[in-house]
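Peer 1: Sequences listed follow chains D and E, in order. When we follow the working numbering, the leftmost residue of the first sequence carries the number 988, and every step to the right adds one. When we follow the working numbering, the leftmost residue of the second sequence carries the number 20, and every step to the right adds one.
It cannot be assumed that every hint is accurate.
[Unchecked claim] Here are the simulated lysine to aspartate or glutamate pairs, EDC-like style, with alpha carbons at most 16 Å apart:
1) D:Lys1172 - E:Glu94
2) D:Lys1066 - D:Asp1009
3) D:Lys1077 - D:Glu1140
4) E:Lys28 - D:Glu1117
5) D:Lys1077 - D:Glu1053
6) D:Lys1129 - D:Asp1085
7) D:Lys1066 - D:Glu1008
8) D:Lys1077 - D:Asp1009
9) D:Lys1077 - D:Glu1146
10) D:Lys1077 - D:Glu1117
11) E:Lys177 - E:Glu94
12) E:Lys47 - D:Asp1009
13) D:Lys1066 - D:Glu1053
14) E:Lys28 - D:Glu1140
15) D:Lys1077 - D:Asp1143
16) D:Lys1159 - D:Asp1141
17) D:Lys1066 - D:Glu1049
18) E:Lys47 - D:Glu1048
19) D:Lys1172 - D:Glu1117
20) E:Lys47 - D:Glu1128
21) D:Lys1077 - D:Glu1008
22) D:Lys1129 - D:Glu1146
23) E:Lys28 - D:Asp1141
24) E:Lys28 - D:Asp1143
[Said to hold, decoys possible] Estimated spans, in silico, between C-beta atoms of each pair:
25) E:Leu58 - D:Pro1154: 28 to 36 Å
26) D:Glu1008 - E:Ser21: 37 to 45 Å
27) D:Lys1066 - E:Leu58: 32 to 40 Å
28) D:Ser1063 - E:Gln195: 57 to 65 Å
29) E:Leu80 - D:Leu1056: 22 to 30 Å
30) E:Ser188 - D:Gln1019: 56 to 64 Å
[As the list claims (entries may be wrong)] Which bits of chain D does chain E cover? Going by a derived footprint, with three or more residues having C-beta under 8 Å, they are:
31) 1079-1090
32) 1157-1171
Note that these hints are calculated values from the structure, not bench results. Glycine residues also receive a C-beta, built at the ideal position from the N, C-alpha and C atoms.
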Amino acid sequence: MCMVGWEGTIALENGRTAGPEDTLARSALGDQAAFAEIVRQHQGMVFSLALHFLRDRALAEELAQEVFLNLHQNLSAIKSPAHLTFWLRKVTCHRSIDLTRRQKVRPQVSLEDVPEPAASSVENDFMLSETLRRVVNTLPEKARMVVILRYQEDLDPAEIAKVLDMPVNTVKSHLRRSLVMLREKLSRQLGEVQV
Amino acid sequence: MSRLDDELKRAFARTEPPGDFAASLLAKINERAAPRPALWQRLAALFEMPRARFVMATAALLIIIGAAIFSQMRESLPETPEQASSAAPGPEQVKSDPKAPQTGLQAGQTPTLARPEQEQRIKKIKPRRFVKGGALARRHVPKRAVEPEVSPEAEAAKARVLFALQIASSTLKEAQRVIQEDSQNTNTVPTRDR
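Chain E with its partners taken away, still in its complex shape (with noise of 0.2 Å):
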């Protein structure tokens, strides 16, 4: 055998690892034998987190469900008027439609190219304020003076909407009561006694 054998074997001796090594080893294996907590425990524990925490997180969630029905009425809506009169048949429309109500147009009369309930909701939209400056003044109408026609479904929305924003103020008002009577009786609890 070489020097250079004998130099790489004691290069290469054994080292003992620290002291605490077995002992440490142990340990883990003993925190791994634990036994480990059934699923119903561990969903149980999911509900046992601070009551503070769990009121926001229902109140939380409750706004967002208040904020889907609300975007989901919106969306039931027409936007702008100029949508609200396109969901009723155009004026060539009209004309070509031989099933079309006839307008009884007299002679003389102005013809327009309306229905008759379209003409009704137009007249709706005029101005019914008279402002001075006539012209000028009509440019200062708001735009959206047209009324939508609110549908039932739209009706029902809302007032689900309105429950459901009176149920998450209650329940957060109940969540702040129940929060200050444990803060206050935290406080007139003894020293001695916590």
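For reference, chain D alone in the conformation it holds in the complex (with noise of 0.2 Å):
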């Protein structure tokens, strides 16, 4: 048996293609490769949305090992690809969170404290994408996992609230407050851009 590169598609010996139910029951049955497959699949989402939380490279692998991990040990549990994505981004986020309050990973800082970037980096997508990631970060923690949901994995309020078992219109208000506070950040920052 060998694997493909397409997502959610594995060549099976005798030519036919296995898709991602394929792939999850069989993981289910013990199959290591098909469980190997669906990591490939989902570990892009899972190690984003812990390293764009945490902020940590390293904690962030190793917050998508542990997710992984529990994944394996709940396939039978899994009931459909669908279910599997969400289930996922659940543990995903809960445990990011988790860990940030156990271990106070990042400090709150007040939005104020925030250093005013260089004038420089409007010409400079890297240089803004890092200020946006580092503002956001200032959010308190289910504001900042609604701004990562939305902004990472293009969820609609609906689905953030189900991910994260709060009311849609909780998650609504939290997007809201975090734009109104990132735009007012930035204007004040890099005037010229229209944001």
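Hints in hand, dock the two standalone chains.
Peer 2: See below:
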């Protein structure tokens, strides 16, 4: 059996291809190759959620591994590929929030205390992205996770509410307030950019 | 969609983990999937430690048992002569006790408050050696001149302690001998056979 590069498909020995459902079913039966394929499909999402929230590569990698180990133990409870994605998002978000609360990984800094970016950063996309990540990182844990799920995973408020176990209106208010704060902060510093 | 939304999407784009992420994860899973030894195997493993350590642990255990028995024996003995004498009834008690034996004091004899057996014990306390200097010399009489009566239980406990110490010393000697033999055997084995 060999695995092909495109997502969710494994080429079997008889030429037939296996879809995400087959991959999930076979990994639940103990097929390591199928589980490895699932990991490759979702590792980017899990690792990025943890990395953007924790802002620490080593911690994010460790957390992502724990999430996949947990998945391996609970594969029989996963019903579909969509459920798998939802389960991974939910476990990663909650574990990241728990870890931050437990270890105080990122002490909360006031938005006003974030250092002013240099003027030349407007032209530099990398610097602007880094500034945005830093400003988002000053938000409270739940609001930060809402912003990350909204812009990394492109989820709508209803989906975010399901992942984070909170009312949709709370998600919307988190998003609205976070964006207002971000606009204020950035328009003060990057006046020429239409934010 | 505003420019801010675009910038946020760019800032929070997905990032791939290091290349060996999946491999190290699968290695961890295989490591966890290894069968855990049974309870009896883990218990047996406790006795597979190096011989010297096992012998030392046994010797330490024997010494602890010996010390416990010795302390028990000491507690059963009276610590000072005062305590020993306090165990017997006091002079006032003798006086008031109507069942106490009569001393049969004759006229002109110095009255004492002690019973005959207590007098015998007091005689024993007197220094037997006569040292020049009289009263001064008596000051040098050792305080613990009374030989306390040793109960049979204490004698038995003492014998047990001595027996336990003998066992401990013989075990230690045996251990030393075994270790020496081992080290000699190790030294005599040719290098290519090791």
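Peer 1: All hints are to be evaluated individually against the structure, with a verdict given for each.
Peer 2: Here's how the hints hold up against the structure:
With a C-alpha separation of about 80 Å, the suggested pair D:Lys1172 and E:Glu94 falls outside the 16 Å cut-off, and the hint is violated. Simply put, D:Lys1066 and D:Asp1009 have alpha-carbon atoms about 12 Å apart, close enough for the 16 Å limit, and the pair holds. Restraint check: the Cα-Cα separation between D:Lys1077 and D:Glu1140 comes to about 12 Å, which is no more than 16 Å; the hinted pair holds. Between the alpha carbons of E:Lys28 and D:Glu1117 the distance comes to roughly 12 Å, so the proposed pair stays at or under 16 Å and holds.
With a CA separation close to 13 Å, the supplied pair D:Lys1077 and D:Glu1053 stays within the 16 Å bound. With a C-alpha separation of about 11 Å, the suggested pair D:Lys1129 and D:Asp1085 falls inside the 16 Å cut-off, and the hint holds. For the hint linking D:Lys1066 to D:Glu1008, the alpha-carbon distance of about 9 Å falls within 16 Å, and the restraint holds. For the hint pairing D:Lys1077 with D:Asp1009, the CA-to-CA distance comes to about 23 Å; that exceeds 16 Å, so the pair is violated.
Distance restraint check for D:Lys1077 and D:Glu1146: the Cα-Cα separation of roughly 11 Å lies within the 16 Å cut-off, and the hinted pair is therefore satisfied. For the proposed pair D:Lys1077 and D:Glu1117, the alpha carbon gap of about 25 Å is over 16 Å, so the pair is violated. A C-alpha spacing of about 12 Å is found between E:Lys177 and E:Glu94, which places the hinted pair at or below 16 Å, so the restraint holds. Annotation: proposed proximity of E:Lys47 to D:Asp1009 is violated, straight-line Cα distance about 24 Å (limit 16 Å).
Restraint check for D:Lys1066 and D:Glu1053: not satisfied, since their Cα atoms lie roughly 21 Å apart, outside the 16 Å limit. For the suggested pair E:Lys28 and D:Glu1140, the alpha carbons sit about 9 Å apart, so the restraint of at most 16 Å is met. About 15 Å separates the Cα atoms of D:Lys1077 and D:Asp1143, which keeps this hinted pair within 16 Å; it holds. Proposed proximity of D:Lys1159 and D:Asp1141 is supported: the alpha carbons are some 14 Å apart, at most 16 Å.
With a C-alpha separation of about 26 Å, the suggested pair D:Lys1066 and D:Glu1049 falls outside the 16 Å cut-off, and the hint is violated. Taking the CA atoms of E:Lys47 and D:Glu1048, the gap is near 14 Å; set against the 16 Å cutoff, the hint holds. Simply put, D:Lys1172 and D:Glu1117 have alpha-carbon atoms about 14 Å apart, close enough for the 16 Å limit, and the pair holds. Our distance criterion of 16 Å between C-alpha atoms is broken by E:Lys47 and D:Glu1128, whose separation comes to about 30 Å.
Note on D:Lys1077 and D:Glu1008: the hinted pairing is violated, with a Cα-Cα distance of about 20 Å set against a maximum of 16 Å. Distance check on the hinted pair: D:Lys1129 and D:Glu1146 sit about 14 Å apart at the alpha-carbon level, within 16 Å; holds. For the suggested pair E:Lys28 and D:Asp1141, the alpha carbons sit about 8 Å apart, so the restraint of at most 16 Å is met. With a CA separation close to 14 Å, the supplied pair E:Lys28 and D:Asp1143 stays within the 16 Å bound.
Hint check: E:Leu58 to D:Pro1154, Cβ distance near 49 Å, so the stated range 28 to 36 Å is violated. Hint check: D:Glu1008 to E:Ser21, Cβ distance near 39 Å, so the stated range 37 to 45 Å holds. The supplied range of 32 to 40 Å is met by D:Lys1066 and E:Leu58, whose beta-carbon atoms lie about 37 Å from each other. Taking the beta carbon of each, D:Ser1063 and E:Gln195 are about 59 Å apart, inside 57 to 65 Å as hinted.
Checking the proposed 22 to 30 Å range against E:Leu80 and D:Leu1056 shows it is violated: the Cβ atoms sit about 42 Å from each other. Hint check: E:Ser188 to D:Gln1019, Cβ distance near 59 Å, so the stated range 56 to 64 Å holds. Here's how the segment 1079-1090 of chain D fares: 0 of its residues keep a CB closer than 8 Å to some CB of chain E, so the rule of at least three is not met and the hint is violated. With 3 residues having a beta carbon nearer than 8 Å to a beta carbon of chain E, the segment 1157-1171 of chain D meets the requirement of three or more and the stated coverage holds.
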